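2 protein chains.
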Amino acid sequence: MSGRFTKVLADLAPMTPFVGPETLERRRGRPYKLRLGANESAFGPSPKVLAALEAAAGSASWYCDPEHFDLRSKLAAQLHVAVENLVIGEGIDGLLGLIVRAFVDPGAWVVTSAGAYPTFNYHVLGYGACLDFVPYTAAWENDPEALVERARARRAKLLYLANPDNPTGTFLGPAPVEALLDRLPENCLLVLDEAYAEFAPPEEILPIDAGDPRLIRLRTFSKAHGLAGLRVGYAIASRQIVAAFDRIRLHFGVGRLSQIAAAAALDDPDFAAGVVRQVAEGRRDYEVLANDLGLSTIPSLTNFVAIDLASAQAAERVAALLDENDVFVRRPGVPPLDRLVRVTVGTPTDRTALAPAFRAAFAALDGG
Amino acid sequence: MSGRFTKVLADLAPMTPFVGPETLERRRGRPYKLRLGANESAFGPSPKVLAALEAAAGSASWYCDPEHFDLRSKLAAQLHVAVENLVIGEGIDGLLGLIVRAFVDPGAWVVTSAGAYPTFNYHVLGYGACLDFVPYTAAWENDPEALVERARARRAKLLYLANPDNPTGTFLGPAPVEALLDRLPENCLLVLDEAYAEFAPPEEILPIDAGDPRLIRLRTFSKAHGLAGLRVGYAIASRQIVAAFDRIRLHFGVGRLSQIAAAAALDDPDFAAGVVRQVAEGRRDYEVLANDLGLSTIPSLTNFVAIDLASAQAAERVAALLDENDVFVRRPGVPPLDRLVRVTVGTPTDRTALAPAFRAAFAALDGG
Chain V
3 MSGRFTKVLA DLAPMTPFVG PETLERRRGR PYKLRLGANE SAFGPSPKVL AALEAAAGSA
63 SWYCDPEHFD LRSKLAAQLH VAVENLVIGE GIDGLLGLIV RAFVDPGAWV VTSAGAYPTF
123 NYHVLGYGAC LDFVPYTAAW ENDPEALVER ARARRAKLLY LANPDNPTGT FLGPAPVEAL
183 LDRLPENCLL VLDEAYAEFA PPEEILPIDA GDPRLIRLRT FSKAHGLAGL RVGYAIASRQ
243 IVAAFDRIRL HFGVGRLSQI AAAAALDDPD FAAGVVRQVA EGRRDYEVLA NDLGLSTIPS
303 LTNFVAIDLA SAQAAERVAA LLDENDVFVR RPGVPPLDRL VRVTVGTPTD RTALAPAFRA
363 AFAALDGG
Chain H
3 MSGRFTKVLA DLAPMTPFVG PETLERRRGR PYKLRLGANE SAFGPSPKVL AALEAAAGSA
63 SWYCDPEHFD LRSKLAAQLH VAVENLVIGE GIDGLLGLIV RAFVDPGAWV VTSAGAYPTF
123 NYHVLGYGAC LDFVPYTAAW ENDPEALVER ARARRAKLLY LANPDNPTGT FLGPAPVEAL
183 LDRLPENCLL VLDEAYAEFA PPEEILPIDA GDPRLIRLRT FSKAHGLAGL RVGYAIASRQ
243 IVAAFDRIRL HFGVGRLSQI AAAAALDDPD FAAGVVRQVA EGRRDYEVLA NDLGLSTIPS
303 LTNFVAIDLA SAQAAERVAA LLDENDVFVR RPGVPPLDRL VRVTVGTPTD RTALAPAFRA
363 AFAALDGG
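These protein sequence lines map, in sequence, to chains V and H.
Just so you know, we're using the numbering used here here: the first sequence kicks off at 3 and counts up by one.
Just so you know, we're using the numbering used here here: the second sequence kicks off at 3 and counts up by one.
Any given hint might turn out to be false.
Which copy? The list can't say, so a pair holds if one copy fits it or any two copies do.
Unchecked claim - Using 30 angstroms as the maximum straight-line C-alpha spacing, the simulated DSS-like pairs for lysine-lysine come out as follows:
{"#": "1", "residue 1": "K76", "residue 2": "K35"}
{"#": "2", "residue 1": "K50", "residue 2": "K35"}
{"#": "3", "residue 1": "K76", "residue 2": "K50"}
{"#": "4", "residue 1": "K9", "residue 2": "K50"}
{"#": "5", "residue 1": "K9", "residue 2": "K35"}
Hints were generated in silico from the structure; no laboratory data involved.
Remember, it's a predicted structure, so these values are computed and weren't measured experimentally.
Build the full structure now, drawing on both the sequences and the hints.
Structure, rendered in structure tokens:
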């Protein structure tokens, strides 16, 4: 790299956190028939969102409100926090970049689970910081005690925890998360990625204490609300942290229609609740499908199910055969997660189409 | 600020690059009737864009293509550059942040005109770098020779130039820009912000040489294409620079519908050409209005006109009186630009409504 670039960028290796299905389709030369690899909502946006988008389309020529006031006000009322405890960003991805930029100097350390969210790691490396990893437990859960120990040893600035977790789907109730917070080293912040929070039982979610300076919670409109293509996430954090973000965030990053759509989604909680119910049904379908083949699944409180193929070779082969049959799924890349095939819950039609393709791929393992 | 934050953020003063009209409306307690302060397109998005948005709304639940392949391919064909010379970002604002992050280490210097784009300055300060300013010329033009001299003296990493310029509206033809490039110090990159390029005569725009490593050109769908609310900008740069951005950019920052809308806008060049023609008519209306009052305007090749009130006090008072009459305009904050009132070209109806409000505000100056 040229000497023109910053020291951090000049030393940075290329990294692509996710190769999108569109790129894979271009490489394959043909489209997927089933798109079940990106944990998008198969149930789409609410009809109220579509109506709001249609009504607002003509105002696409106006800039957005850089303070996101209407959206933050609705969120504040629903979450029982102050507007000043909320930051809107370009999805959780955008907020993760902002968090790393705000808290992690080049050369500082950050701790996460081995095989957790690649985009967080991408931002950490992109800002010149260092990553250390803690393995998942044998039950495919994040290991809060080991994470805290490692954060202490590394004097880490951030500890990343996705709960419910991606790519495993496992979930930690409030007690272990509270215990983690109580043992968190000073000057280490918990980044609690709750992208899939809507899919967990509300009473099992750590209660929100927006003034708690020890953590930032991240939520999104991409999953239960079905707005992944509009890029709206939010952070719940202390006023001091929100005020600091205001000094560096991209003020006009989340567009006008995205804000309007997200606010409309909040006005249709029944729709999101229906998605959560349908996703729970779909998870059961996947469990039955896997169990029929003698495979186990990881109990999931998300919109996907990780099926355990028992070996990386088997998982790689099943994923490849599904791909040949025009089914897009993901296989995590980091051992031991690479024995999993992660399948997003589709519509009933999607699931009916997936079953024979998955059975055929699994059957081909013996003859492969 | 707490010791948790990075050194850069801990030392950073609060700065708001633009207070949006929505914020001003909340402060005022009532909406504007004429929104002519943010250089948005009064002519809206193309009907083809609206049709594309409606057709694609149901796919808002899918993530975007993080490679922006379709949009970049269309741009590449129209601009006669390679796809690998193009980067899509969350408006020019997002790309400016990326550029500063990629090229400017904390403590390094950057040069721009005094009173030029505040959001660029916001990013420079936000990454811990230092700003130096060169005054506009007496003709309200950017001063390429003085900018280059200052860049050399400061060993600046970036030289920012908006052409056509905001907030003055002035334009430099290809000869002075080429002369600037030829004299640009080594390791200093020209950031050529061409947000308003569509409003300048095509033959007067510096020809595109995408392989030229000395500059990055920035364009947007926010102005002539009327998509400010969807946040899509693009950079034309060398392959090496584009590849470097791929290592740090927010891959999923520009949403699916935004990409689809921008691609649809490219399919309707006649619409954008019509906007450019109507804007030229509107500029003439503003010139006549100002000249009738004995005021001069700055010749503009943008979608706005800066009216010279001859003193900061007069400009402040006129802007305040317009605000009282529910007209949103901008007055630049940095002397000597603070004697200007910058008015976005509205529709014929907007212009008809503006004229008496502006005349009344000007008439009140004597009695004020």
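Comparing the hints with the structure gives:
no., hint, result
1, K76 to K35, "between (37 angstroms within a copy, 25 angstroms between copies)"
2, K50 to K35, "both (27 angstroms within a copy, 28 angstroms between copies)"
3, K76 to K50, "within (16 angstroms within a copy, 32 angstroms between copies)"
4, K9 to K50, "neither (48 angstroms within a copy, 45 angstroms between copies)"
5, K9 to K35, "neither (44 angstroms within a copy, 49 angstroms between copies)"
Hint violations for this structure: numbers 4, 5, all remaining hints satisfied.
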